[in-house]
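Residue numbers (our numbering), protein chains in the order written: chain A, 300 to 636; chain B, 155 to 675.
By construction, these hints were calculated from the structure, which means they are not laboratory data. One thing to keep in mind: the hints can contain errors.
[As the list claims (entries may be wrong)] The calculated lysine to aspartate or glutamate pairs, modelled on EDC-like cross-linking and capped at a C-alpha distance of 20 angstroms, are:
#, chain 1, residue 1, chain 2, residue 2
1, A, K509, B, E644
2, A, K499, A, E515
3, A, K531, B, E404
4, A, K341, B, D471
5, A, K341, B, E644
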Amino acid sequence: MTIRIKPIFRGLAATLFTLALGAPQVMAADSVSLTLYNGQHKEIGEAIAKAYEAKTGIHINIRKGSSNQLASQIIEEGDRSPADVIYTEESPPLNNLGELGLLAKIDDSTLQVLPKEYVANNGTWMGVTARTRVVAFNPKVIDEKALPPSVMDFANPEWDGKIGFVPTSGAFQEQAVAILKLHGREAAEEWLTGLKAFGKTYTNNMVALKAVENGEVAAVLVNNYYWYALKKERGQLDSKLYYLADGDAGGLVTISSAAAVKASKHPQEAQALLAWMASEEGQRVITQTTAEYPLHKGMVSDQGLKPFEDLRPPKITPADLGNAEEALELEREVGLL
Amino acid sequence: MSAALPLAASTTYVPRRKRPSIWVVLPVLLLVGLSLLPLLYVGLKAWQAGLHEALRLLWRPFVWGLMRNTLLLMVGVTLACAILGLALAWLLERSDLPGRRLWGVILCLPFAVPAFVSGFTWVSLSPRFEGLGGAILVMTLSKYPLVFLPVAATLRNLDTSLEESARTLGQNRWGVFFRITLPLLWPSILGGSLLIALHMLVEFGALSILGLQTFTTAIYQQFELEFSNANAAMLSAVLLFMCLLMLWLELRVRGKARHVRIGQGVARRAAPVRLRAWTPMAQVFCLSLMLLGSGIPLGMLVYWLSVGSSAAFPVADISRALLSSLSLSLGGAGVSLLLALPVSFLVVRYKGRLALWAERLPYLLHALPGLVIALTLVYFALHYVPVLYQTTGLLLLAYALLFLPLAQAPVRTALNKASPQLEEAARTLGATSFGAFCRVTLPIIFPALAAAFALVFLDAMKELTATLLLSPTGMTTLATEVWAHTANVEFAAAAPYAALLILVSGLPVYLLTTRMYLNRA
Numbered sequence: 300m301t302i303r304i305k306p307i308f309r310g311l312a313a314t315l316f317t318l319a320l321g322a323p324q325v326m327a328a329d330s331v332s333l334t335l336y337n338g339q340h341k342e343i344g345e346a347i348a349k350a351y352e353a354k355t356g357i358h359i360n361i362r363k364g365s366s367n368q369l370a371s372q373i374i375e376e377g378d379r380s381p382a383d384v385i386y387t388e389e390s391p392p393l394n395n396l397g398e399l400g401l402l403a404k405i406d407d408s409t410l411q412v413l414p415k416e417y418v419a420n421n422g423t424w425m426g427v428t429a430r431t432r433v434v435a436f437n438p439k440v441i442d443e444k445a446l447p448p449s450v451m452d453f454a455n456p457e458w459d460g461k462i463g464f465v466p467t468s469g470a471f472q473e474q475a476v477a478i479l480k481l482h483g484r485e486a487a488e489e490w491l492t493g494l495k496a497f498g499k500t501y502t503n504n505m506v507a508l509k510a511v512e513n514g515e516v517a518a519v520l521v522n523n524y525y526w527y528a529l530k531k532e533r534g535q536l537d538s539k540l541y542y543l544a545d546g547d548a549g550g551l552v553t554i555s556s557a558a559a560v561k562a563s564k565h566p567q568e569a570q571a572l573l574a575w576m577a578s579e580e581g582q583r584v585i586t587q588t589t590a591e592y593p594l595h596k597g598m599v600s601d602q603g604l605k606p607f608e609d610l611r612p613p614k615i616t617p618a619d620l621g622n623a624e625e626a627l628e629l630e631r632e633v634g635l636l
Numbered sequence: 155m156s157a158a159l160p161l162a163a164s165t166t167y168v169p170r171r172k173r174p175s176i177w178v179v180l181p182v183l184l185l186v187g188l189s190l191l192p193l194l195y196v197g198l199k200a201w202q203a204g205l206h207e208a209l210r211l212l213w214r215p216f217v218w219g220l221m222r223n224t225l226l227l228m229v230g231v232t233l234a235c236a237i238l239g240l241a242l243a244w245l246l247e248r249s250d251l252p253g254r255r256l257w258g259v260i261l262c263l264p265f266a267v268p269a270f271v272s273g274f275t276w277v278s279l280s281p282r283f284e285g286l287g288g289a290i291l292v293m294t295l296s297k298y299p300l301v302f303l304p305v306a307a308t309l310r311n312l313d314t315s316l317e318e319s320a321r322t323l324g325q326n327r328w329g330v331f332f333r334i335t336l337p338l339l340w341p342s343i344l345g346g347s348l349l350i351a352l353h354m355l356v357e358f359g360a361l362s363i364l365g366l367q368t369f370t371t372a373i374y375q376q377f378e379l380e381f382s383n384a385n386a387a388m389l390s391a392v393l394l395f396m397c398l399l400m401l402w403l404e405l406r407v408r409g410k411a412r413h414v415r416i417g418q419g420v421a422r423r424a425a426p427v428r429l430r431a432w433t434p435m436a437q438v439f440c441l442s443l444m445l446l447g448s449g450i451p452l453g454m455l456v457y458w459l460s461v462g463s464s465a466a467f468p469v470a471d472i473s474r475a476l477l478s479s480l481s482l483s484l485g486g487a488g489v490s491l492l493l494a495l496p497v498s499f500l501v502v503r504y505k506g507r508l509a510l511w512a513e514r515l516p517y518l519l520h521a522l523p524g525l526v527i528a529l530t531l532v533y534f535a536l537h538y539v540p541v542l543y544q545t546t547g548l549l550l551l552a553y554a555l556l557f558l559p560l561a562q563a564p565v566r567t568a569l570n571k572a573s574p575q576l577e578e579a580a581r582t583l584g585a586t587s588f589g590a591f592c593r594v595t596l597p598i599i600f601p602a603l604a605a606a607f608a609l610v611f612l613d614a615m616k617e618l619t620a621t622l623l624l625s626p627t628g629m630t631t632l633a634t635e636v637w638a639h640t641a642n643v644e645f646a647a648a649a650p651y652a653a654l655l656i657l658v659s660g661l662p663v664y665l666l667t668t669r670m671y672l673n674r675a
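Chain A on its own, in the form it takes in the complex (with noise of 0.2 angstroms):
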């Protein structure tokens, strides 16, 4: 017996060892890799990272995350943060991270493909795809012609139980803040008062989108590409998209954006992935994984989706929209948070 132990014990601590210390190991041996911390979905990030290192050889290793979580990981990591790039589901977490300083600019070559209102005034982010917020219905349960011309509508009581939405998420709080723009703070303190009290929430726009395709609830406010991405699984979908009127907060752009983080050990190569994901190739492996529209100059999506410039969103920027902390502001105050 005691002749038997201390191989075991031998044999634990190497693997204890090897445990600890092998995964950074196996990055090192690489030439060089990347991280991103992704905020943006979990399969984009992927479609990413398998046609970037077919390309360039280069690997990417993946953070998965929420926006602002990532993003508030980044202020807290300082300049010891292990990411070399951040690509978010929206623009306020970077611009957040832009203003305090914690943000690479970006090459002016790779802006230049981009329309000027989706990059950040000082270069240090830039957006990547565009999508709009919209309401997914269920013709089942409700008829087309009894929804609202106007978002703010749906905090009224006749909309008890019959309306989903998602507080927790970024494009959410985008639109409560281009709320507040249009129509001030007591309109939309107001507005998410009535959303708590009459509406249902979900943890997330894909369970809120099968909500409503279930007949669980009437209508929920999403992003109009949870839907495409639903449908193309299930190929045939009850659950309808509507638009609302021109200039309405619910017909609110949003894009999603990316940046590189200034503490990077790899500034060039985060530059040059930055540059990809701008580019014409870049951004079409990216529309195909989701039905989002591309942000490169002249392109359009092949997704089937409403033409872009067919859209009447609200006049609201990325910079308008600002580092939307008024949303979580306002969403604690109402106690939604």
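Since chain A is already given, all that's left is putting chain B on it; use the hints.
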């Protein structure tokens, strides 16, 4: 006593009060320090935010709502489990129900299914199971064996002479049950119930899937919104307080839970109560408990597996998750064991303040929510030990803290039985203290070490919360994959991971537990 009976005193061994070796002291000090970190974290964050702001974050309607949900869930599940567990234990131990041995084995099957997996199967059956009612139902069905098993064991070993005396004194059956049997069972019922109450406080995965907002899910939500912020810390403070309160209650119960039987010989087993016309009802009760407790979770899982297999099975992803689950659990079990050994050693062989701390440590750790441990480790690693940040090492450290209570119990029992005199004999023959330990004590306690290793390994496989927050970039495990797919309502995609989890962790745990149950029979 020793003056009056010098002979008796010389036969019991009194440990020498020498100073313990540095290799015993250091790990224990490290663990004590680490287990106090969550309190430090909460305090530090409150101080950073300012007292006024901290109180403002705590005292708002949102937190009241969390408190309401958490308390209702805890009370509801604990009560339901206590009643269900007691009824079942009585039925299977004291009645003449046909097939009761088999029922005992079948009705422990919920042990094989992690709570978040059974949560996912119920939600996938119908969204009506979301919310408080559904959460109470699902959690009760997955936790009642924690009351049933100890109560059944106590009932089986209960001396029936007390009950018979009460009968001869004119009590009817109900009178005997309430005045004699129930008080005797009280410690086991209370012990199991408090454990369940604590589980309800720290449960995250299942409640998140069942859509019930409690302190744990709200803390995670804050983490997702703002990483490690004052809000998350303040909610953690409330949760910590509630957990420590449960711990205090548990320790009080434990201290008083002792019934002494005077007399010699073996306790006689009670004559089974004849159910007669009630037999079919009792069978229906067991059958429906089986259908609800394990039938629905396992059945739904099989359904989603058959639906999913029509699509492409992501074999590469699945094997990657399996591999990291296996290696993390192996590592976690190893680290837990390495730390459990000095802790138990100190408790068993030494006296003094540090030994006292070592004695209390497992209880304290047991009451710390995994989510709060993880938040704390992220914060301190990032700011004070950046080398550890986002490494497997940090995650293994969290596992060690979470699973030390599990690992130390068998090690401690075995060390208690390994006489230090043998080791001292080896010392007189020229062995060093470490050598004597390795060559004498280690072989004696080896089976217990193996058991502890297996226990932690199996339990670590289904760890979700700490893994979600601490896993190195790009690493996924079976548990996190189940959780991620369920969060996106991709039930068929979650099914293979959940099935593997049951196969490699749930079933072995179940077999170990029911074997203990059967062995005691």
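Hints, verified against the model:
1. A/K509 to B/E644: It holds: about 10 angstroms lies between the C-alpha atoms, which stays within 20 angstroms.
2. A/K499 to A/E515: holds, 10 angstroms
3. A/K531 to B/E404: violated, 53 angstroms
4. A/K341 to B/D471: Holds, because 13 angstroms separates the two Cα atoms, which is no more than 20 angstroms.
5. A/K341 to B/E644: holds, 13 angstroms
Comparing the model with each numbered hint stated earlier shows that hint 3 is the single one that does not hold.
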